[in-house]
Amino acid sequence: MKARIHIYLKPGVLDPQGHAVASSLNHLGFEEVSAARQGKLIELDLNTADPGEAQTRVKAMCDKLLANPVIENYDIELSA
Amino acid sequence: MKARIHIYLKPGVLDPQGHAVASSLNHLGFEEVSAARQGKLIELDLNTADPGEAQTRVKAMCDKLLANPVIENYDIELSA
Amino acid sequence: MKTAVIVFPGSNCDRDAAVAIERVTGAAPAMVWHEETSLPDGLDFIMLPGGFSYGDYLRCGAIAARSPVLPDVIRAAEAGVPVLGVCNGFQVLIETGLLPGALMRNAGLRFVCEKAPLTIETANTRFTRAYGDTSAITIPVAHHDGNYFADDETLNALEAEGRIAFRYAANPNGSARDIAGITNAGGNVLGMMPHPERAVDALHGGTDGLAVFESVLGGAQ
Amino acid sequence: MTEITPRYAEGIDEQVALEHVTADEYETILTVLGRAPNIVELGIFSVMWSEHCSYKSSRVHLAKFPTTGPRVVYGPGENAGVVDIGDGQVCIFKMESHNHPSFIEPYQGAATGVGGILRDVFTMGARPVALMNALRFGAPDHPKTRQLVAGVVAGIGGYGNCVGVPTVGGETNFDAGYNNNILVNAMAVGLAERDKVFTAAAKESGYPVLYVGAKTGRDGIHGATMASAEFGEGAEEKRPTVQVGDPFTEKKLIEACLELMSEDAISAIQDMGAAGLTSSSVEMASSGGKGIELDLDHVPQREEAMSAYEMMLSESQERMLVIVKPGREDVAERIFKKWDLDVAVIGKTTETGRLVLKHKGATVCDLPLDPIGDKAPKYERPYFPAEARASIDPASLKTPAHLGETLLTLMRSPDMASKAWIFSQYDRHVMADTVASSEDPSDAAIVRVHGANKALAITADVTPRYCTADPYEGGKQAIAEAWRNLTATGAEPMAVTDCLNFGNPERPEIMGQFVGCVEGMAEACRALDFPVVSGNVSLYNETDGQAIPPTPAVGAVGLIEDASVRAGFGCMSEGDVLLLIGETRGELGASLYLRFIENSEDGAPPHVDLGVERRNGDFVRAQIRSGLARTSHDLSDGGLACAVAEMALASNCGAKLAYEDGAPLHAWLFGEDQARYLIAADAETADAIRKAAQEAGVPASVIGLAGGEAITVNGAHALDLLTLRQAHERWLPDLMGEDMQAAAE
Ligand SMILES: Nc1ncnc2c1ncn2[C@@H]1O[C@H](COP(=O)(O)OP(=O)(O)O)[C@@H](O)[C@H]1O
Ligand SMILES: [Mg+2]
Chain A
1 MKARIHIYLK
11 PGVLDPQGHA
21 VASSLNHLGF
31 EEVSAARQGK
41 LIELDLNTAD
51 PGEAQTRVKA
61 MCDKLLANPV
71 IENYDIELSA
Chain B
1001 MKARIHIYLK
1011 PGVLDPQGHA
1021 VASSLNHLGF
1031 EEVSAARQGK
1041 LIELDLNTAD
1051 PGEAQTRVKA
1061 MCDKLLANPV
1071 IENYDIELSA
Chain C
2001 MKTAVIVFPG
2011 SNCDRDAAVA
2021 IERVTGAAPA
2031 MVWHEETSLP
2041 DGLDFIMLPG
2051 GFSYGDYLRC
2061 GAIAARSPVL
2071 PDVIRAAEAG
2081 VPVLGVCNGF
2091 QVLIETGLLP
2101 GALMRNAGLR
2111 FVCEKAPLTI
2121 ETANTRFTRA
2131 YGDTSAITIP
2141 VAHHDGNYFA
2151 DDETLNALEA
2161 EGRIAFRYAA
2171 NPNGSARDIA
2181 GITNAGGNVL
2191 GMMPHPERAV
2201 DALHGGTDGL
2211 AVFESVLGGA
2221 Q
Chain D
3001 MTEITPRYAE
3011 GIDEQVALEH
3021 VTADEYETIL
3031 TVLGRAPNIV
3041 ELGIFSVMWS
3051 EHCSYKSSRV
3061 HLAKFPTTGP
3071 RVVYGPGENA
3081 GVVDIGDGQV
3091 CIFKMESHNH
3101 PSFIEPYQGA
3111 ATGVGGILRD
3121 VFTMGARPVA
3131 LMNALRFGAP
3141 DHPKTRQLVA
3151 GVVAGIGGYG
3161 NCVGVPTVGG
3171 ETNFDAGYNN
3181 NILVNAMAVG
3191 LAERDKVFTA
3201 AAKESGYPVL
3211 YVGAKTGRDG
3221 IHGATMASAE
3231 FGEGAEEKRP
3241 TVQVGDPFTE
3251 KKLIEACLEL
3261 MSEDAISAIQ
3271 DMGAAGLTSS
3281 SVEMASSGGK
3291 GIELDLDHVP
3301 QREEAMSAYE
3311 MMLSESQERM
3321 LVIVKPGRED
3331 VAERIFKKWD
3341 LDVAVIGKTT
3351 ETGRLVLKHK
3361 GATVCDLPLD
3371 PIGDKAPKYE
3381 RPYFPAEARA
3391 SIDPASLKTP
3401 AHLGETLLTL
3411 MRSPDMASKA
3421 WIFSQYDRHV
3431 MADTVASSED
3441 PSDAAIVRVH
3451 GANKALAITA
3461 DVTPRYCTAD
3471 PYEGGKQAIA
3481 EAWRNLTATG
3491 AEPMAVTDCL
3501 NFGNPERPEI
3511 MGQFVGCVEG
3521 MAEACRALDF
3531 PVVSGNVSLY
3541 NETDGQAIPP
3551 TPAVGAVGLI
3561 EDASVRAGFG
3571 CMSEGDVLLL
3581 IGETRGELGA
3591 SLYLRFIENS
3601 EDGAPPHVDL
3611 GVERRNGDFV
3621 RAQIRSGLAR
3631 TSHDLSDGGL
3641 ACAVAEMALA
3651 SNCGAKLAYE
3661 DGAPLHAWLF
3671 GEDQARYLIA
3681 ADAETADAIR
3691 KAAQEAGVPA
3701 SVIGLAGGEA
3711 ITVNGAHALD
3721 LLTLRQAHER
3731 WLPDLMGEDM
3741 QAAAE
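Chains as they are written, first to last, in our numbering: chain A, 1 to 80; chain B, 1001 to 1080; chain C, 2001 to 2221; chain D, 3001 to 3745.
Honestly, the hints are just simulated from the structure, not real lab data. Just so you know, not all the hints are guaranteed correct.
Straight-line Cα separation of at most 20 Å, SDA-like style, residue types lysine to any residue; simulated pairs [what the hints assert, rightly or not]:
#1 B:K1002 / A:A35
#2 A:K10 / C:V2069
#3 B:K1059 / A:H27
#4 A:K2 / B:L1028
#5 B:K1002 / A:E31
#6 D:K3338 / C:L2039
#7 A:K2 / B:I1007
#8 C:K2115 / D:L3649
#9 D:K3338 / B:N1026
#10 B:K1040 / A:H6
#11 B:K1064 / D:E3738
#12 A:K2 / B:G1029
#13 A:K64 / C:G2174
#14 D:K3203 / D:K3144
#15 B:K1064 / A:H19
#16 B:K1002 / A:Y74
#17 D:K3337 / B:L1028
#18 A:K10 / C:L2155
#19 A:K59 / B:L1028
#20 D:K3337 / B:N1026
#21 A:K64 / C:G2162
#22 D:K3337 / C:D2072
#23 B:K1059 / A:A35
#24 A:K10 / C:D2072
#25 B:K1010 / D:V3242
#26 B:K1064 / A:A35
#27 B:K1040 / A:H19
#28 D:K3144 / A:G29
Pulled out of the complex, with its shape left as it was, chain A reads as follows (with noise of 0.2 Å):
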């Protein structure tokens, strides 16, 4: 199956990309864009029949890797 996972900073902690588009998106005219966030968006594909299972799993990768708990929150999306 496969996982699709977004990663974005925790609130309060400064985000200069998102910071940046927001204002070239206002100087480019879009005036109603109030503020953004940049964050990281990866998929996995996965060798793993059972969604407990990869739930746990890919829980576990964020941990241990994909996201930095000091800066980063992260949500999971699973699909078959």
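Place chains B, C and D with the ligands on chain A using the hints.
Frame of chain A, contents of chains B, C and D with the ligands only:
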């Protein structure tokens, strides 16, 4: 409303980051990972009420700035 | 003096680090490949060099921090062996948790290479004592992700405990409180974004970085 | 027309054929083969007979360059030029263009350009020690320019910084002539042991052929051919993709190759450049007079179901082809596995003189190699020279009221303004041997030979304004300025590499520019004993019939025997005498002054007297090497006044210029007469140098004194350094702003 934009490399475009993530996960004992792809996640806060308008505007933002049409695809999720 | 430089795939200041160390100790350091699972015995000093370990993919230093040799480096650090991480080496130390905080993308988003004026915040660390009462030096920086971040509590603690070794005189990357280099609580681990090994030679970048090595390696032999 | 039936192999029709080669070329192929080529063979011909690989339009003229000299070990023909720097060491260097890819995808285009030129250098056994880049962008206010600048610079930095080779210098121009065709030329310089230089020629048959590096994907397969029979129904994942570089893999590839080179295992080695597998295998075999047989099933592949055609035309990056000595495969395997790189035996060299390709058990290609080279098209394209322009009489232009203002205008102009915004994104200090780079007041970058006390001086120069006005004089001037920039540091100029960027050679006026520039360069190289050892040609840089200005970029390398004995232009101090070496007639044709003050591109460019150039340069170098002259600067864009301004900014010391007579004041200040240098020294030293000049018959005149916080002319026209510095340093950052960066990567 909010827009969540997923930006990922077009199929066939070399993705060294994804490759590095996959092999590092394998090294850490997550052998079930057969492939990984890394993309960008961008969240926007919009002062826009109308979803239809938001959709067209955000698409324009992607084409103008956020995504690189030569190597990247994107999809847009809107939420209130 | 037994010294070692850890070499990751993508390290590119490993040779520079070795040259700087040898200049002070007169002996070449052991170059330890990332896949080694144990360090040479009886090391007096370990250096994590600059570069782009594992391509800087995912997060700078993240993959290197989980490479086979690191557990032994962490053990040595916890046992009190002096460990210096420069640039990418600093990022690795942060990812291992040996040093607090995070190093984010530069505020200007651009890679910054310049000769950075620094202030020496304290001369009583194992890495700065040879500076004596020198308070201002210039050392080259070259990085894309050197924007130091930590919560106020951590920052206050670093300040209170005198663990900020260097600050930028002209902040090039948006680092919180102009932080350029910090030590761990034990004082035996220093992480810094500027490259002291690029400032140990009058013909190249001056000699303002030499004292970092002299401090920790016991001065010119 | 050759009587061969069928004229087209299965799945090929006339249109497909013409998407690969011209009608004449197709006829030649039929005669050579005595049969119709299949799609794989057609693809191979299209690559080998492309302008890029065959130099079909330029070959006859490139032969005019002098390519030999006492220091030259290998000239053009190898992957890069090789010159002897003594002590058993050689310097290996080359310059290459990545113009079109950089316009399509600035970041990846520029990045892969750097990767490609690095491979040309380390494939010969050199550790790369320096990178340079010569960039030409469109008008600053053109809607595309800022994004292209941001992307190209980020790409060059992103790749060079990661591989850990310092980017030490370059040049940048902005000109509307490049609006739709920017130029991205990258140069790499490396060092090797003289007896450890590797070449590409397959000398033995029966030797194993190894593929090493990154896997092969569908990167950059030529667009036109993709629409062809074979991929008509091309699904999304079958479409060609832009080459994406991976500097991390390149860094590992450098270390792995150098490690393998230190073992006695390699017979021949070649990087995979454009259409990697095709050009590398064909060139290795034919240059050695051998044949080669590959089994494509063994090629490491990144994607599913790749066809033989795709594998042979793929431009995936970070790949090399290595012919190893029999029985040494394991050594290569061990090393490349250690570096986590792909390594596979994909074939062997043969005696047949043919290129044979197997795929899925079938023979998909069987071509005789000689004709691919011998029968390669070679055009004597018609050309007519640009008609000569009248020179500008400086007296016909009125002297501006406030020359300090004039100087300010030039120093903040796109060509003269500080490029710090660019080079501060390049790691210039990694490897810890950079003695002088972009930020330092030196006319050439200086990189110490690791572990030694000598150094290389490196520069990149060309003045497209001059080449437009008079290709021949412009060609001479490009070589002369490079030679002068090296000389001004005290270096002995050794050799030249080039990157000849022009428009469509099928247009006689463009071909005229090309021939003029080449012949001018060749004459200058001969006169200055400055051989061309490598280079690259980039044609068809034009859009809708709008060609770029002729831009023969020159890269050059010199040798400084003692790195501590050299000159820069940053130590002018209060009271120093300013000594001008060379003559000033006040040449304003095609000058910056004319462009930015008179809004004219008119006039003949400054004449280059190569005899005088050499005499004056040899004199200045001697003064530097004797230790007398420590502060010297070459005069180029913007003439005397701009050179003084650059020295003043770098030294943080003003200057009082004293004009007596000769050319009209504005021409004296801004004329771009060639073969000139400015030396600053204390009165006594300056006097000694002046006497030496008299004896050597070299014109030398005192033109002012250093001192104060402003630049003045006869006590008037004051321009204070603060104002000057602000204007000079702010122009590019202000142009770029902060809003572009989000899109740069
Ligand atoms: N694209 C670039 N990359 C790196 N350095 C550059 C670039 N463009 C200009 N520079 C640097 O800016 C300085 C001024 O460039 P230039 O005016 O061309 O020097 P010169 O006139 O001596 O050839 C030089 O140090 C040069 O190396
Ligand atoms: Mg120049």
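Right, here's what the structure says about each hint:
{"no.": "1", "hint": "B:K1002 / A:A35", "result": "10 Å, holds"}
{"no.": "2", "hint": "A:K10 / C:V2069", "result": "30 Å, violated"}
{"no.": "3", "hint": "B:K1059 / A:H27", "result": "17 Å, holds"}
{"no.": "4", "hint": "A:K2 / B:L1028", "result": "19 Å, holds"}
{"no.": "5", "hint": "B:K1002 / A:E31", "result": "14 Å, holds"}
{"no.": "6", "hint": "D:K3338 / C:L2039", "result": "19 Å, holds"}
{"no.": "7", "hint": "A:K2 / B:I1007", "result": "17 Å, holds"}
{"no.": "8", "hint": "C:K2115 / D:L3649", "result": "17 Å, holds"}
{"no.": "9", "hint": "D:K3338 / B:N1026", "result": "17 Å, holds"}
{"no.": "10", "hint": "B:K1040 / A:H6", "result": "9 Å, holds"}
{"no.": "11", "hint": "B:K1064 / D:E3738", "result": "16 Å, holds"}
{"no.": "12", "hint": "A:K2 / B:G1029", "result": "18 Å, holds"}
{"no.": "13", "hint": "A:K64 / C:G2174", "result": "28 Å, violated"}
{"no.": "14", "hint": "D:K3203 / D:K3144", "result": "49 Å, violated"}
{"no.": "15", "hint": "B:K1064 / A:H19", "result": "17 Å, holds"}
{"no.": "16", "hint": "B:K1002 / A:Y74", "result": "18 Å, holds"}
{"no.": "17", "hint": "D:K3337 / B:L1028", "result": "19 Å, holds"}
{"no.": "18", "hint": "A:K10 / C:L2155", "result": "18 Å, holds"}
{"no.": "19", "hint": "A:K59 / B:L1028", "result": "14 Å, holds"}
{"no.": "20", "hint": "D:K3337 / B:N1026", "result": "16 Å, holds"}
{"no.": "21", "hint": "A:K64 / C:G2162", "result": "31 Å, violated"}
{"no.": "22", "hint": "D:K3337 / C:D2072", "result": "24 Å, violated"}
{"no.": "23", "hint": "B:K1059 / A:A35", "result": "17 Å, holds"}
{"no.": "24", "hint": "A:K10 / C:D2072", "result": "31 Å, violated"}
{"no.": "25", "hint": "B:K1010 / D:V3242", "result": "10 Å, holds"}
{"no.": "26", "hint": "B:K1064 / A:A35", "result": "18 Å, holds"}
{"no.": "27", "hint": "B:K1040 / A:H19", "result": "15 Å, holds"}
{"no.": "28", "hint": "D:K3144 / A:G29", "result": "17 Å, holds"}
The earlier numbered hints that this structure contradicts are 2, 13, 14, 21, 22, 24.
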